[in-house]
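A.B. asks: Model the full assembly from the supplied sequences, consistent with the hints where possible.
In the order they appear, the protein sequences are chains L and V.
Under my numbering, the letters of the first sequence match residues 1 to 354, in that order.
Under my numbering, the letters of the second sequence match residues 355 to 708, in that order.
By construction, these hints were calculated from the structure, which means they are not laboratory data.
Just to be clear, a hint being listed does not mean it is correct.
[As the list claims (entries may be wrong)] Computed footprint of chain V on chain L; a stretch qualifies when at least three of its residues, placed anywhere within it, have a C-beta under 8 angstroms from a C-beta of chain V:
no., stretch
1, 12-20
2, 43-54
3, 76-83
4, 121-135
5, 243-250
6, 278-287
7, 294-308
[To be verified] Example chain L residues on the side facing chain V (calculated, C-beta under 7 angstroms, incomplete):
no., residue
8, Arg165
9, Arg190
10, Ala203
11, Ile204
12, Tyr205
13, Ser258
14, Tyr261
15, Ala263
16, Ile264
17, Pro266
18, Pro290
Every residue gets a Cβ at the ideal spot worked out from N, C-alpha and C, and that includes glycine.
Chain by chain, the residues run as shown.
Number of protein chains: 2
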Amino acid sequence: MTLEFSPHYRRIATEEAWASPRMLDVYRRELEGGHIDDPGFHSLWGYYLGSTERASTLIERIVDTDDGRLAAMDAAGVDQMVLATTAPGVQALRPEVAVPLAREINDELADAVAAHPDRYDGLTAIAPQDPDAAADEIRRGHDALGFRGVILNSHARGEYLDDLRFDPIFAAAEELDTPIYLHPTTPIPRLAEPFIEAGLDGAIYGFSVEAGLHLLRLITSGVFDRHPKLKLVVGHLGEALPFWMWRLDFMHATSVRSQRYDAIKPLELPISGYLKRNIWITTSGMPWHPAVNFVREAVGLDRLMFAWDYPYQWRPDEVETFEALDWSVDDKRRFFQMTAEDVFGLTPRAPRGA
Amino acid sequence: MTLEFSPHYRRIATEEAWASPRMLDVYRRELEGGHIDDPGFHSLWGYYLGSTERASTLIERIVDTDDGRLAAMDAAGVDQMVLATTAPGVQALRPEVAVPLAREINDELADAVAAHPDRYDGLTAIAPQDPDAAADEIRRGHDALGFRGVILNSHARGEYLDDLRFDPIFAAAEELDTPIYLHPTTPIPRLAEPFIEAGLDGAIYGFSVEAGLHLLRLITSGVFDRHPKLKLVVGHLGEALPFWMWRLDFMHATSVRSQRYDAIKPLELPISGYLKRNIWITTSGMPWHPAVNFVREAVGLDRLMFAWDYPYQWRPDEVETFEALDWSVDDKRRFFQMTAEDVFGLTPRAPRGA
Chain L
1 MTLEFSPHYR RIATEEAWAS PRMLDVYRRE LEGGHIDDPG FHSLWGYYLG
51 STERASTLIE RIVDTDDGRL AAMDAAGVDQ MVLATTAPGV QALRPEVAVP
101 LAREINDELA DAVAAHPDRY DGLTAIAPQD PDAAADEIRR GHDALGFRGV
151 ILNSHARGEY LDDLRFDPIF AAAEELDTPI YLHPTTPIPR LAEPFIEAGL
201 DGAIYGFSVE AGLHLLRLIT SGVFDRHPKL KLVVGHLGEA LPFWMWRLDF
251 MHATSVRSQR YDAIKPLELP ISGYLKRNIW ITTSGMPWHP AVNFVREAVG
301 LDRLMFAWDY PYQWRPDEVE TFEALDWSVD DKRRFFQMTA EDVFGLTPRA
351 PRGA
Chain V
355 MTLEFSPHYR RIATEEAWAS PRMLDVYRRE LEGGHIDDPG FHSLWGYYLG
405 STERASTLIE RIVDTDDGRL AAMDAAGVDQ MVLATTAPGV QALRPEVAVP
455 LAREINDELA DAVAAHPDRY DGLTAIAPQD PDAAADEIRR GHDALGFRGV
505 ILNSHARGEY LDDLRFDPIF AAAEELDTPI YLHPTTPIPR LAEPFIEAGL
555 DGAIYGFSVE AGLHLLRLIT SGVFDRHPKL KLVVGHLGEA LPFWMWRLDF
605 MHATSVRSQR YDAIKPLELP ISGYLKRNIW ITTSGMPWHP AVNFVREAVG
655 LDRLMFAWDY PYQWRPDEVE TFEALDWSVD DKRRFFQMTA EDVFGLTPRA
705 PRGA
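C.D. replies: Right under this line is the structure:
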């Protein structure tokens with residue numbers, strides 16, 4: 001079936017994947033050359049670069065930014081997409097390969113956005129492996145390419161970004177008032193095997209542990225005390241951190257009092273305070289009313305945005321699921337459109353259905 | 355303040371920790387002897403066997419089954435406790451130490467329960483390191499000691515119990531119709547370091563990943579297809595699996611269709627089907643209305659039980675938090691008393707406040 005565009009609001013999907021064919025060629029070359037020592041990457045891209053029908057269909061959809069993708073959006077009543085380089089972007093590659101490749105694929109994505117400016121916005125891909133180069137690319141993406149944020153596909157060659165050497169990345173994003181989207185990927189090599197051997201390293205569970213641990217490490221290490229205006233966007237209804245919110249606050253306070261760990265220090269806010277000040281949450285992969293309403297109650301409607309996860313978890317009827325929420329038109333306008341416009345600084349546009 | 359016992363129902367707390375002083379002595383001896391190669395165990399028990407005031411207070415409370423514990427229960431209006439050997443029990447120890455120690459501490463716990471039979475029930479500690487001995491001990495605990503279930507403190511020396519060699523444990527519990535309580539501990543050695551280095555290996559987050567991954571591996575490996583009547587109890591509102599329920603179903607079905615993993619095979623039910631057939635959930639560590647109500651909606655009131663997590667996360671006012679839920683007296687009776695009586699097969703008793 002085809003869902004009409006809404007006359008009341010634009011539906012802006014905020015976690016939508018794109019892959020440069022050039023990047024996929026580099027994946028193949030670096031895998032063949034033995035340059036990627038990351039079991040999660042091998043699991044994920046070994047599969048998607050393989051010869052199954054599902055993999056070929058996914059690749060066909062993910063590289064396309066023209067007719068196929070626009071037809072899917074039209075059929076589902078999705079007005080607009082925020083496009084981001086798919087996980088793990090250039091973040092699994094050798095720095096000397098990753099840094100120039102990030103620039104090349106960002107230029108490509110900027111062209112794709114420019115071809116359909118009323119349908120697409122883009123996020124800047126970075127190679128955190130070289131933090132200063134990543135900060136430069138964030139600035140170039142924002143100033144020269146018109147991108148509306150940064151895509152951080154979780155770890156960089158096995159490292160989480162709570163290490164201080166990555167601070168230039170957060171400093172640049174805060175200074176430009178541009179959000180960083182923390183997207184999952186397979187768990188870091190040090191965590192990967194117990195997930196992979198059980199077939200659980202991907203979106204079913206490993207993704208959520210990888211992104212949840214990464215986000216929690218960013219918070220507890222004090223990134224948001226150093227950068228109080230930094231904006232982070234997290235998918236999958238917050239990678240379960242809203243579910244744990246009360247316990248995170250309680251146990252963090254206990255842990256600070258006990259002085260048990262060097263790494264756990266007093267913070268300016270409880271952990272929930274950062275979830276309600278610095279972090280916005282999208283619904284990618286979680287089109288399920290009880291969880292959506294719970295997260296709305298936990299962190300507030302103003303922090304919640306629509307995402308579709310095209311083309312991975314693309315279900316044409318997913319928009320209908322969200323339309324069936326027992327929310328007012330004003331609430332849905334905030335969810336589908338206004339918060340995304342605010343957080344990403346998108347150009348306000350009239351709904352296509354108006 | 356003191357909360358009265360309820361005249362309407364017994365408040366039965368279902369995840370309450372006890373430690374045999376004898377077991378703590380073995381912990382000290384085995385740590386000193388270099389027999390425990392488990393960074394999570396060193397982190398957890400290195401702390402609690404240390405000399406801080408918090409550690410000493412915890413040890414004092416956790417070994418006590420007389421005046422101190424009963425006074426805490428009386429002050430909070432908790433009628434009854436299901437006592438279980440604290441994590442990781444004997445599960446981190448060499449099998450030749452663990453198997454006889456399990457028997458000894460089970461005998462001790464049986465004596466403690468017998469001293470206050472209207473206030474305590476007990477769970478059988480096991481050493482899954484030796485699956486046949488563990489199955490024997492489950493039978494002995496049930497038949498000779500009067501225990502009402504089994505405590506499984508997650509991994510056994512780094513191994514998850516989805517491996518078929520552990521099947522005698524599940525077969526014994528199913529045959530006796532006695533539940534297994536899957537309690538968290540610190541993550542297995544192969545996962546531990548990225549949690550420990552950030553101070554996140556304990557109850558703040560690592561526990562939930564350890565128990566969540568373990569539970570999910572049990573489900574996806576087919577334990578509940580082999581043992582359809584097996585009952586599992588899980589704390590912390592289900593270790594976030596109810597939060598992920600929709601996505602787990604969706605991604606498991608996708609993964610089965612893709613034939614991407616040897617370990618992911620068709621199951622008789624969707625993952626949510628096991629959460630609604632084989633698994634009961636307690637509120638340990640999660641006295642927070644939005645999450646409790648969400649889980650009630652996700653899996654149903656009949657699967658939800660009260661737990662207090664004495665003495666770790668012991669908050670005297672926690673019972674009040676649950677009393678403040680906007681639930682009927684009948685619903686609260688089910689939550690505080692009836693489901694625990696049913697699942698653990700407890701002897702029905704009148705409320706102390708009646």
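A.B. asks: Against each hint, give a clear statement of whether it holds in the structure.
C.D. replies: For each hint, the structure was consulted:
For the stretch 12-20 of chain L, the assignment as covered by chain V is violated, since 0 residues bring a beta-carbon within under 8 angstroms of that chain's beta-carbons and 3 are needed. By the rule of at least three residues with a Cβ nearer than 8 angstroms to a Cβ of chain V, the coverage given for the stretch 43-54 of chain L holds, with 3 such residues. Residue count for the stretch 76-83 of chain L with a Cβ under 8 angstroms from a Cβ of chain V: 0. That is fewer than the three needed, and the coverage hint is violated. Counting residues of the stretch 121-135 of chain L whose CB falls under 8 angstroms from any CB of chain V gives 0; the rule of at least 3 is not met.
By the rule of at least three residues with a Cβ nearer than 8 angstroms to a Cβ of chain V, the coverage given for the stretch 243-250 of chain L holds, with 7 such residues. Taking a C-beta to C-beta cut-off of 8 angstroms, the stretch 278-287 of chain L contributes 3 residues in contact with chain V, enough for the three needed, and the coverage statement holds. Closer than 8 angstroms: that is the beta-carbon criterion, and the stretch 294-308 of chain L has 3 residues meeting it against chain V, so the requirement of 3 holds. A distance limit of 7 angstroms between C-beta atoms decides the matter here; for L:Arg165 the minimum to chain V is near 15 angstroms, and the interface restraint is violated.
For L:Arg190, the interface hint holds, the least distance from its beta-carbon to any beta-carbon of chain V being 5 angstroms, beneath 7 angstroms. Annotation: L:Ala203 was flagged as interfacial toward chain V, and the flag holds, the nearest CB pair being 5 angstroms apart, inside 7 angstroms. Checking L:Ile204 against chain V: minimum C-beta separation of about 4 angstroms stays under 7 angstroms; hint holds. The criterion of a C-beta within 7 angstroms of any C-beta in chain V is met by L:Tyr205, whose closest approach is roughly 6 angstroms, and the hint holds.
Contact between L:Ser258 and chain V, as hinted, is supported at the beta carbon level, the nearest pair being about 5 angstroms apart and thus within 7 angstroms. A least Cβ separation of about 3 angstroms between L:Tyr261 and chain V falls short of the 7 angstroms threshold, and the interface hint therefore holds. The beta carbon of L:Ala263 comes within 4 angstroms of a beta carbon in chain V, closer than 7 angstroms, and the hint placing it at the interface holds. This hint holds: L:Ile264 has a C-beta 4 angstroms from the nearest C-beta of chain V, less than the 7 angstroms allowed.
Residue-level restraint check for L:Pro266 is violated (minimum Cβ-Cβ distance to chain V is 13 angstroms; threshold 7 angstroms). Contact between L:Pro290 and chain V, as hinted, is supported at the beta carbon level, the nearest pair being about 5 angstroms apart and thus within 7 angstroms.
In terms of the numbered hints stated before, the structure departs from hints 1, 3, 4, 8 and 17, listed from lowest to highest.
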